[in-house]
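Given chain W's structure and the hints, the job is docking chain H onto it.
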Amino acid sequence: MTLSMNALVQLTGVSKTYGSAAALHPTDLDFARGKTTVLIGPSGCGKSTLLRLIIRLLDPDAGTIRFGGAPITPANISELRRRIGYVIQDGGLFPHLTARKNVLLMASHLKWPAPKMETRLAELCALTRFPETALGRFPLELSGGQRQRISLMRALMLSPELLLLDEPLGALDPLVRAALQKDLKEIFSRLRQTAILVTHDLAEAAYLGEEIVLMSEGRVVQRGTLDDLRTKPASGFVSDFITAQKSIALT
Amino acid sequence: MKTMNRIGLIGPIVIGLLAHAANAEPILIGSKKFTESYVLAEIAKRAIENTGVVTEHRPGMGGTIILWQALRGEQIALYPEYTGTISEEILKTPPSISAGEMREQLAKFGVGMTGELGFNNTYALVMRRTAAEQKAIRTIGDLRNHPELKLGLTHEFLDRRDGWRPLAEKYQLPTQNIVGIDHGLGYEALRNGSIDVKDAYSTDAKIGENDLVVLEDDLQFFPRYKAVFLYRLNLPPEVVAILRRMEGTLDEKRMIQLNAEAERTKNYARAADLYFRDGSSSSATSIGEPFGHKLRRWTLRHLQLAGLSLFLSVLIGIPLGIAASRGGWVGQVILGFAGAVQTIPSLALLALLVPLPFFGISVRTAIAALFLYGLLPIVRNTATGLQDIAQPVRESAIALGLEPAARLWKIYLPIASRSILGGIKTSAVINIGTATLAALIGAGGLGEPILSGLNLNDHVTILQGAIPAAALALLVQWGFDLLDRLLIPKGLRL
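First to last, the sequence lines map onto chains W and H. Just so we're aligned: 84 in numbering that gives the first Met the number 0 is position 85 of the first sequence, and the numbers increase by one with no gaps anywhere. Just so we're aligned: 92 in numbering that gives the first Met the number 0 is position 93 of the second sequence, and the numbers increase by one with no gaps anywhere.
Do not rely on the hints blindly, as some may be mistaken.
What the hints assert, rightly or not - Covered by chain H, according to a simulated footprint, are these stretches of chain W (three or more residues, beta-carbon under 8 Å):
| # | stretch |
| --- | --- |
| 1 | 89–95 |
| 2 | 133–147 |
| 3 | 208–222 |
| 4 | 231–237 |
Bear in mind the hints are in silico, worked out from the structure with no lab data behind them. Heads up, the beta-carbon is just placed ideally off N, CA and C, and yes, glycines get one too.
If we strip away everything but chain W, and leave its shape as in the complex, we get (with noise of 0.2 Å):
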């Protein structure tokens, strides 16, 4: 009860269906301020489109999702994205506008004074360390790692109270990778960011999650920290998919 009091997000009994296979089976979950959730499991699971139906680029079949406590609704669904940052795998930047403008891109449209822009801008540049001199660049102008930092950016501009990442750094080479996990861990840990990151990658997840929500066709299967699951696996499962991500991790 406690911890419902505290969930920015809550979902209970969402579920969505392509067709007629089940992407997500009536699933209940919270996810607590100030902490940084990872979902994790095979592809197909279900752990992104978890986070599409939070944005709400999914409609759910059934349930609902709560965000600080009101329930999502078309009505109310683009003022609070506004509140919620959402940075994926591909970055999804805009490929007519410079990096810079990409970044300003929501604020420029809620009309927010120039000064203020500016300092926010830079404030973000030195949060996310990117190159000022780089703003002027066209997306496709920029590297892999840099796409990703000014993605970031752009899902931070407004303060959001939520961020959601999909595989953020899924594309990247593994120097790259690395980089920036560690930044996005110092940025989380100094913004006390409210995140749920979605990864197929233990390791990532044991770096960045505070909380693991292990999850397999559609379903929950076990909640708690990398030690938790190591050490009292709640099913067969959890314990094979831990063993492949160690063995992958080792060769």
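Below, chain H alone, put in the same frame as chain W:
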């Protein structure tokens, strides 16, 4: 009080200006798409202008129906016509109708008819003299025994009530070897042997020039086609009097001579001059419009036609493309409609629009047809440009919390701009080309010299329209390449 005074002062001035504008409105003269009709219209224009009344000649406005509709709808004031055509095609009465009865029936449409100008320009079938002599063909009836001969007939002749079908029936002619061909091109085909027989008018200058023989109408099938002017009954009486002064002044020999003069000099006004010089009424000298002036007029009109229609295509096409990009049955219907329009041959589309109330013989009709043609490339490119936007980009725009309208204006349309501009460019180039057909309904443009050149079988005149039209198309293409650089965001051109 002050306002009252002002209105009192301005009122008469406005009325005066309006009356002046009404007076200055030129008398519009139409003509059909062949030399003789052009020449007769030019003669009428010259005769009326000699009295100081402003006239304008809309040359080569397609066939009988188009001109008759234009006259009925008061879009033109007069045009030259033939008695046979009036009875057969317009009034659909037996050819035995008297001139008085004809006038009575025409009056119901507010149309009057002058007396006969003199000559009889009936339909005739013609052959090369050598071929006719070789096969001993002298009369139309003789064709019965020669099913191997190829007939090239104008489309109007093929469809007329006094045209090919009843003729073939009356003479029991073979009907397997027939092609439809333009009148001017038909002479070319006859000369080089692609066809053996064609329909002609008995006063055609080409009959003498090309050494052709007119096959005798031994069963007297063809009605008499005496030339007259049809005019609006509300034409000022002094103008009607001028037209009537031309009655009985033109016999066959004289008309063939004028037709030959027009085709020889490639100048209808020159032929009209000849009428006045040797004739009775007046002694006007030729003041042919200088070429540079004509070219400017054609080009400006051409740009006006293509430009206005393109503007409309863009205005309507982009929203339709946006609607179509959302898929579903609405998208199917929109793309289906735009595609279907483009399969209608342009000439047929013009013909379909002409009888509609708002359109008729006008620049409006030409613009409407061009607008419809221009739609598909813009609609399709807008739709595909929007559909091709990557899913992550689309979802990012949604997830940021942009409202649907802001997504469209700030994200989707700019990203699709290259594709949309490409569609507009295609439409523009198509429109420049298709606008040449506007001349068929008297809407002018660079099609005017092309049509009259086709008619005179004069390549130089054709090129006077074709070269500027091609140049315009290239210019438009080049202009759009420049526009691409201005309008397509730099980030998309990397």
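Each hint tested on the structure:
Note: the stretch 89–95 of chain W has 7 residues with beta-carbon separation from chain H under 8 Å; the three-residue rule is met and the coverage holds. Coverage of a stretch by a chain is defined here by at least three residues with a beta carbon nearer than 8 Å to that chain's beta carbons; for the stretch 133–147 of chain W and chain H the count is 4, and the condition holds. Restraint check on the stretch 208–222 of chain W versus chain H: 0 residues with Cβ-Cβ distances below 8 Å, three needed, restraint violated. Chain H is given as covering the stretch 231–237 of chain W, and this is violated because 0 residues of the stretch bring a CB closer than 8 Å to a CB of that chain, at least three being needed.
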